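Chains V and Z, in that order, give the protein sequences.
Residue numbers for the first sequence follow the numbering used here, so the first one is 146 and each next one is one higher.
Residue numbers for the second sequence follow the numbering used here, so the first one is 146 and each next one is one higher.
Any given hint might turn out to be false.
No copy is singled out in the list; a pair is fine if it fits within one copy or between any two copies.
Straight-line C-alpha distance at most 25 Å; calculated SDA-like pairs for lysine to any residue [what the hints assert, rightly or not]:
1) Lys304 / Glu223
2) Lys290 / Ser185
3) Lys308 / Leu253
4) Lys268 / Pro307
5) Lys308 / Glu252
6) Lys268 / Tyr235
7) Lys210 / Asp231
8) Lys291 / Asp176
9) Lys299 / Leu232
10) Lys248 / Pro306
11) Lys268 / Leu232
12) Lys291 / Gly157
13) Lys233 / Arg148
14) Lys254 / Gly271
15) Lys308 / Ile257
16) Lys210 / Tyr235
17) Lys324 / Glu303
18) Lys291 / Ala194
19) Lys268 / Asp311
20) Lys269 / Ile206
21) Lys248 / Phe208
Calculated directly from the structure, the hints in this document are not laboratory data.
Note that this is a predicted model, so its numbers are computed, not measured.
Number of protein chains: 2
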Amino acid sequence: MGRYEIRLSGAGGQGMILAGIILAEAGVMVDDLNVSQSQSYGPESRGGASRAEVVFDEDQIDFPKVIKPDLLVCLTQEAFEQYGRDLKNYGVIIADSNIDISKIDSELKDNIYQLDILDLAAKKIGKEISANMIVLGIIARIIQKKISVEFIKKAIIEKVPPKTVDDNIEAFELGFDLKLDKRSYAYGRI
Amino acid sequence: MGRYEIRLSGAGGQGMILAGIILAEAGVMVDDLNVSQSQSYGPESRGGASRAEVVFDEDQIDFPKVIKPDLLVCLTQEAFEQYGRDLKNYGVIIADSNIDISKIDSELKDNIYQLDILDLAAKKIGKEISANMIVLGIIARIIQKKISVEFIKKAIIEKVPPKTVDDNIEAFELGFDLKLDKRSYAYGRI
C-alpha cells in the first residue's frame with residue numbers, strides 16, 4: 146500500500162492516544178509492515194487538544210510523523226479547524242456530527258464523512274471514552290483490506306483493562322457497523 | 146535544558162509504552178516545554194522487544210525520534226544489546242541487574258547503573274507490569290530539576306486504571322527511593 150498515514154484528533158480524555166497505540170499494535174501483526182506511532186505536545190496544545198498519529202509502510206519509516214494524512218479523524222471543532230484542511234488527495238476525513246464543517250474549502254467536502262460518534266458513545270455505551278473504540282471500528286472498516294479486523298480486535302483485548310474488554314469490543318463493533326458512504330471504504334489506495 | 150532524549154527499552158508487556166506516555170504527559174505540564182513521544186515497530190521487533198521514546202525541548206521539535214539518548218533504560222539483555230552502545234556523552238544508562246553488561250565498551254561502563262528493577266517488581270509488588278512504575282520513579286529522580294515529581298505522579302494517576310493507582314504510586318516511590326550513584330542524578334545537563 147505504500148506509506149499510509151492516520152491522524153486522530155480530539156480533546157484530551159477521548160482516548161485518541163490509546164486508539165493510536167492499538168492501531169500500531171495491530172499493524173505489527175501484519176507481516177513485513179513497519180509501524181510508527183507518535184504524539185506531539187506543544188505549549189499550543191494546552192487547551193486540551195489531543196492528537197495521535199500512526200504511519201504504516203512496507204519500507205523503513207525514516208520520518209515517523211504524519212506528513213499529510215490519508216485518514217483524518219476529528220472529534221471536536223477545535224481539532225477540525227486545526228487539522229481539517231490538511232489531507233492527502235483521495236484522503237478521508239471522519240468528523241463527528243457535532244462539528245460545523247461549513248467553513249471548509251468546498252473541494253474537500255466530498256472527502257468528509259460525518260458520523261454520530263460522540264452521541265453514540267454517550268447513549269449506547271454511556272462512557273465518553275468509548276468514542277475511541279467507535280473510532281477504531283470505523284477505521285477498521287476503512288483499512289480492512291490491509292489490516293484485518295481480527296488484528297485490531299486482538300490489539301484492543303491486549304491493551305484495555307481486562308474487565309472492560311466486552312464494553313470496548315461492543316463499542317468497536319458499533320463503529321464498524323456505522324453506515325459509511327461507499328467511497329470511504331472502497332477507495333483504492335490501501 | 147535544550148533537547149533531552151529518553152529511550153525506554155524492554156520486552157513487550159513491561160509497560161514501556163505507557164511509561165513513555167506518562168513522561169510525555171508530565172512534560173506537557175511544564176510551561177513552554179515541547180514534548181514528542183513515539184514508538185516504532187518494525188518486522189525486526191516481532192521477537193517481543195519494545196521501545197518507547199520521549200523527547201523534551203523548549204524549542205519546537207522537528208524530528209520526534211531519539212537521535213542519541215541522554216537517558217536510556219534497558220530491562221532486558223536483548224534491549225541492552227540492541228541499544229546499549231548508543232548514548233550521548235555524559236548520558237546515563239539504567240539497566241536491570243539481570244543484564245550482563247560485561248561485553249559493553251569499557252568507556253561506557255561508568256555511565257551504567259544497574260538496579261534490581263524486575264526483581265523488586267516481582268517481589269514487592271507482585272506484578273511484572275509494575276516494573277514500568279519503578280522505572281518512572283528512577284527517572285523522576287534523575288530529571289527532577291526539570292520535571293517535578295508531582296507532575297509525574299499526576300500523570301500516573303491520570304493514565305492508570307483508577308483501582309490500580311495506589312499500587313502504581315507505591316511502585317513509583319520504590320523506584321524513586323532506589324539508591325543511585327550520585328553521578329546519575331547530579332549531572333548538569335538537565
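Status of the hints after comparison with the structure:
Taking the shortest alpha-carbon separations for Lys304 and Glu223, only the inter-copy value of 23 Å comes in at or below 25 Å, while the best intra-copy value is 28 Å. Only between protomers do Lys290 and Ser185 lie at most 25 Å apart by alpha-carbon distance; the minimum there is 22 Å, versus 29 Å within a single protomer. For a Cα distance limit of 25 Å, the shortest separation of Lys308 from Leu253 qualifies neither inside one copy, at 41 Å, nor across copies, at 45 Å. In the homo-oligomer, the alpha carbons of Lys268 and Pro307 lie at most 25 Å apart both inside one protomer (23 Å) and across protomers (23 Å), since each shortest distance falls under that limit.
Within a single copy, Lys308 and Glu252 get their C-alpha atoms no closer than 45 Å, and across copies no closer than 48 Å, so neither meets the 25 Å cut-off. Proximity of Lys268 to Tyr235 under the C-alpha cut-off of 25 Å is found in neither arrangement, the shortest distances being 32 Å within a copy and 54 Å between copies. Taking identical chains as interchangeable, the C-alpha atoms of Lys210 and Asp231 lie at most 25 Å apart whether they share a chain (14 Å) or sit on different chains (23 Å). When the C-alpha separation of Lys291 and Asp176 is checked against a cutoff of 25 Å, the pair qualifies only within one copy, where the shortest distance is 11 Å, while the shortest distance between copies is 41 Å.
Proximity of Lys299 and Leu232 under a CA criterion of 25 Å is satisfied in neither setting, with 29 Å inside one chain copy and 35 Å between copies. When the C-alpha separation of Lys248 and Pro306 is checked against a cutoff of 25 Å, the pair qualifies neither within a copy, at 40 Å, nor between copies, at 39 Å. Taking the shortest alpha-carbon separations for Lys268 and Leu232, neither the intra-copy value of 31 Å nor the inter-copy value of 50 Å comes in at or below 25 Å. Taking the shortest Cα distances, Lys291 and Gly157 sit within 25 Å of each other only across copies (24 Å), while inside one copy they are farther apart (29 Å).
Only within a single protomer do Lys233 and Arg148 lie at most 25 Å apart by alpha-carbon distance; the minimum there is 12 Å, versus 31 Å between protomers. In the homo-oligomer, the alpha carbons of Lys254 and Gly271 never lie at most 25 Å apart, since the shortest distance is 31 Å inside one protomer and 54 Å across protomers. Taking the shortest Cα distances, Lys308 and Ile257 never come within 25 Å of each other, neither inside one copy (35 Å) nor across copies (39 Å). In this homomeric assembly, Lys210 and Tyr235 come within 25 Å of each other (Cα to Cα) only inside a single copy, at 20 Å, whereas the closest approach across copies is 29 Å.
Within a single copy, Lys324 and Glu303 get their C-alpha atoms no closer than 27 Å, and across copies no closer than 34 Å, so neither meets the 25 Å cut-off. Taking CA atoms no more than 25 Å apart as the test, Lys291 paired with Ala194 passes between copies only; the shortest distance there is 24 Å, against 29 Å inside one copy. In this assembly of identical chains, Lys268 and Asp311 lie within 25 Å of each other by CA distance solely inside one copy; the values are 17 Å within and 32 Å between copies. Proximity of Lys269 to Ile206 under the C-alpha cut-off of 25 Å is found in neither arrangement, the shortest distances being 39 Å within a copy and 40 Å between copies.
In this assembly of identical chains, the alpha carbons of Lys248 and Phe208 never lie at most 25 Å apart, being 31 Å within a copy and 32 Å across copies at closest.
Hint check: violations occur at hints 3, 5, 6, 9, 10, 11, 14, 15, 17, 20, 21; the rest are consistent with the structure.
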